[in-house]
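A.B. asks: Okay, here's what each chain looks like letter by letter:
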Amino acid sequence: MKTFALAWRMLARDWRAGELRVLAAALVVAVASVTSVGFFADRVSRALVRDAHQLLGADLVLVSDHPWQPAMAQEIARLGLERATAVTFISMAQTGAGETARGQLAGVKAVSENYPLRGKLRVAPAPNAPDAPAASGPARGTVWIEERLVTSLDAPVGSNLQLGASRFQVAAVITLEPERGANFFNIAPRLIMHADDVAATRLVQPGSRVWYYLYAAGARDGVAALESWALSRLARGQRVDNLESGRPEVRAAIDRAERFLGLTALLAAILAGVAIALATRRYVERHLDGCAVMRCLGATQARLLALHGLEFSYLGAAACALGCLAGIGAQTAIAAALGEVLRADLPAPTVLPALQGFLVGLVLLLGFALPPLAQLKNVPAVRVIRRESGAPKGGAIAAYAAGLAVLAGLLVWQAGDVRMGAFVVGGFAAAVLGFAVIAWGALRLAASAPVARRLSGGSIALRYGLANLRRHARGNAVQVASLALGLTAMLLLSFTRNDLVDAWRRSAPPDAANRFLLGVQPEQLAPVREFFGAHRIDVPDLYPMVRGRFAALNGRQVQEGDFGEERARRLVEREFNLSFSEQPPAHNVVSAGRWFSPGAREISVEEGIAHTLGWKLGDELTFTVGSESFSARLGSLRKLRWDSMKVNFFVIAPPRLLQGFPASYISAFRLEPGAEKAMNELTARFPNLTIVDVGAAVKQAQGVIDQVITAVQYVFLFALGAGLLVLYSALVATEDERRREAAVMRVHGASRRQVTGSQRVEFLAMGLLAGLLATIGAAAIGQLLARRVFELDLPPSPELWIAGPLAGVLLLSLNAWLSARKVLTASPALTLRETV
Amino acid sequence: MRDIDLEVRAGEALAIVGASGSGKSTLLAILAGLDTPTRGSVTLDGTDLFALDEDARAALRGRTVGFVFQSFQLLPALTALENVMLPLELAGRADAEDAARAILARVGLAERLGHYPKHLSGGEQQRVALARAFVVRPTLLLADEPTGSLDAASGESVIELIFELNRSYGTTLVMVTHDEPLAQRCARVVRLAAGRIAQTK
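Sequence order for the protein chains is A and B.
Residues 341 to 1176 in my numbering are what the first sequence spells out, letter by letter.
Residues 230 to 430 in my numbering are what the second sequence spells out, letter by letter.
It is worth saying that the hints were derived from the structure and are not from the lab.
From a predicted model like this one, the values you see are computed outputs, not experimental measurements.
Heads up, none of these hints are tricks.
So the derived list for chain B, only partly shown, Cβ under 8 angstroms to chain A, looks like this:
1) Ser254
2) Leu257
3) Ala287
4) Ala288
5) Arg292
Label-pair ranges, simulated between beta-carbon atoms:
6) Thr429/B <-> Ala658/A: 56 to 62 angstroms
7) Gly321/B <-> Ala741/A: 33 to 39 angstroms
8) Ser249/B <-> Ala345/A: 40 to 46 angstroms
9) Leu692/A <-> Asp277/B: 55 to 61 angstroms
10) Leu665/A <-> Glu385/B: 53 to 59 angstroms
11) Ala658/A <-> Ser397/B: 40 to 46 angstroms
12) Phe344/A <-> Ser397/B: 32 to 38 angstroms
13) Gly669/A <-> Gly321/B: 37 to 43 angstroms
14) Arg626/A <-> Ala280/B: 32 to 38 angstroms
Think of the CB as a built atom: it goes at the ideal place given N, C-alpha and C, for glycine as much as any other residue.
The following block holds chain A by itself, in its conformation from the complex (with noise of 0.2 angstroms):
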C-alpha cells in the first residue's frame, strides 16, 4: 500500500518538475492520433460505403428471374427496412406510323415510386441539357428514356411512344441511373417507367425473360440480417447484390482509402512508440543518479521497479484517457469541417476506438517504457561515489525487441490486414537497424583519425567536432537512425503522399472520358477519326470487339450448372466481349504468364474473371463466335483498373486468331463541354453508332475518389503530429550531455565560436546524414506502397531529394542554435550545477 501511495508521490513530483511531460505528450498524441484516426476511419469508413450504396441505388439489392416470394418483402418489413421494387425486361419500343415508323429494343425497367432508395436519378429535358436530381421515379403513364433512344427512336421530351399495349409520354432523358454500373454496353439503352403500367402493356406474359428486383435499405445491422437470411434461402435464378459484386471501381476506390487510413494508424502508432522509447530512454538516464541514491537509502531493487513501473503506469492511465478524450475531441472537430466534403453526415462514433486507443497507449508504455525502466533498478549503487560506474548495461537490445514484437502484434491486429501489417513492422524493423548501422559506421568513418585529419586541416572547431562524432559514434547512431525515423515519416506524409494521392487523382483523372462509342464498323474506322479530327475532338482509340460465347474448358463442354457461383453462371449464359491486339493495353499489367507472341493460339483473360470461372493459365478455352468457334490457350492473366474508366476487355486475343470474324469496334473518349452538339452530327451521319453518355457516372465516382482523398489528408495531420514528437525526443535525447560538454569548454575559456563551431560540425554531419537516410527511406517506402498495396504507378520525386538532405540539416543546425544559445547566455557554473 506504501509503495502505491509513494509512486504516486513520485509522480507528482516527478511531474512538477517537469521530467514526464516528454514523455507524457508522446503518450496523449499517440493515443489521441490512434484513436482519432481509428474513430475517423471507422466513421468515414461507414459514411463512404453508405455514399458508395448510392451507386447501387441500395443498401442491399435482391434479384430473380422470377417473381419473387412474398416471404421476403414481408422479411424486409420486419426487419424495419425501407423496400423498393423494379422489373426488368427488354422490350421494343416504337414511334411513328407506317413510313416514319421506328424501332428500337431498349431496356425497360418499371420502378415503384421510392426507387432509387440510396443516391437519385438525374434527369433532363433534352439531351446535352444540364441534368438536375429527380424527386422521384416516373409518374404513371411517363417514360423517361436515354438519350441513345431519343436519337434512334426520334423521341424528344414532350412526345409518344409505344410499349405493347400502352402508349407513352416521353417526360425526361435520363443522364444518371445510380445502379449502371460498367456493364452498360451489354444492356440495350434505358427506358423507365412506373411499375404499376406494367400490367397494361401486357409486355410481361409466362416465359418472358423477366428479372424481378428488391430493394432494401436501413440500419446495418438490419440489412447485414436481411443478407444473411436472403442468402440462405435464395433459389435457383436469385441472387443478392452488394457493392462487391455491384460497383468494382468504387469497391476498388473505397479499399484503397481503407489502406491509406489502416496506414495512418499504424504510422502513427509506431512514431508514437518510438518517441516514448526515447522519452523513456532520457528520463532512465536522469534517474541513474537518484536510483542508486534510493539504493543507498535502502530501497531494494524490486522496490525500485515497482516504485518506477506503479508511477508509469498512473501517468500511462492518465495520458491515455487524456488522449482518448482529445481524440474523440479532434475527430469530432475534423469531421464538423469534413461535413460539406462529404455532403452526408457521419454516422455516430462507435466506442471500439477508444478501447483500442486506450490498449494502444497502455501496450506501447509498457512494451517500450518498461525494458529501459527495468535497467534502472540495475544501477549499481557505488556509483554514487564512483559516478564511472555508469548506467547498466546489455539487456537492451532483448529488451526492446520484446516491445518491438508486442507493437508489431498490435499494430497487425489495428491493421486488420496481416500482409499491410507485415510489410509496414517488417519495413520499420529494417529502416531502424539500417538506419543505425549505417549511421553508425558513416560517423566512425567521417571521424576516423586519417579522415579527420583530412577534413579538419587546422581548425580547432573541426577537429573537436568531429571527434565528438567518434566519441559519441554510439549514441550519435542512435539518434541519427531515430532522426531519420522521424523525418522518414515527415517526408512520407509530405512528399510522397502527395505524390501518392497526385497518381491516385490521376488514375481517375478529370479529363477521364465521359462517353463511350459503340458500334463502329471496319469500313466507318476512317471516316470517323476523319471526323473527330475535323471536329477538333482528340481522335480515340478504337478498339475491335468480336462477341462470342464460352463453350468448352480443355474440350469439355460448358454447362450453365458447371458453376455454383451465380456470377459465373451469368457471365457464362451471355457472349463474352472478345477483342484482339498485338499489344498488351497501356493501362493493364499482364500479372502472371507471358503476353502471347502473335503467332500463337493464345489468349489473355482479365484475372478476376478467370478467378471466377476456374481458369487456370494453360487451360485451353474454346468460344463461339456466330456458327464458329475457335480454341485457344490461355497465356497470361491481366489485372485491370476498373476505375480507370477505359476501354477494357475479358479477353484479348492476337489478331490472327479473331480477324476472321465480324467485329466492330468500341472507344471511350471525353468530350469537352459545348461540343456535344458534334455528338448529334455524328451519329446524324453514322445512324449505326450509339454514344453512350457516362459523364455524370464519371462524375459520381470522381466525388467518391475526391471524398476519400480529402477524408485521408486529413487523417494524416495526426500522423505528422506523432513525427514531429519523434524529431523534438530525438534532438532533446543528447541534449543535457552536449550542455554539459558546452559549460565545461566555456569554462575552460572556449570563445562562443569555438562552442558553437564544435557543435555546428557534429550537428551539420549528423542531420545530413539523418536527412539523407529519411530520402532514402521515404522514396523506398512510397515506391513500395505505391506498387504493393495501392496498385499506383509513382514517378520518382526530385523535391523530395532536395528537400529531404535540407530539412535534416536545417532541422539540427536550429536545434545545435537552441541549445547553443541557452548554454551561451547562462553561467556555466549554473549549466554544470543542472546537469551533474
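We have chain A already, so just place chain B on it with the hints.
C.D. replies: This is chain B only, laid out in the frame that chain A set:
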C-alpha cells in the same frame, strides 16, 4: 586493497585520509556494502554484510547507515524537503514530512524547504544532504569528502554541523577526506597508501 583490519567502535569518529588513488573511496564503498571485496568480510552491528544479498544489504543500509557525498547526490526533481523525506518514505514512515521539516530547521534551512537543489548553493545542498542522512537516525554515518565541493566558509559550517549532529545523535562517523585539519578533528585517523593502512593515529 589488502590487509585492511579496522574496527570502529560505536560513537567513534574516524577519518580515512590518503592521496588520490590510495583507495579511500573504495574502502568506504566496501564498508557501506555498495561494493563487494574479492575477499574478506565486513561486520556491521554484528551482521556480516557480505553474507547478505544485495537487497538485504540495501535494507540494512536503510535502517542503520546515513550517507553524505562529495557531490551531494540530491535528487534534482525533488525539493529540499522531499529529498529529506525520501528515506523515511522508502521506510514507509507516516511522519516523514514532520521529521524532515524538523531536521531541516535544525540545519538552518527552514526557509528553503520548497527549493530545488539547482536553486540552492553548494553549502545549502550539502546541508540538505546532511539532514537527509540524519533524518533516519542512523547508527553509522559514512561521509565521502563532504567538503570536497565547497568553498572554505561553507565547508567550515558543514563540518561544524556534522560534528554537532554526530554528538547529539550519538552516531558513529566514518569520513573520507584529504583535508588534514578536518581529519585532525576526528578521534582517530587512518592513513591509506596504495591500498594498505599506512598509519593509524
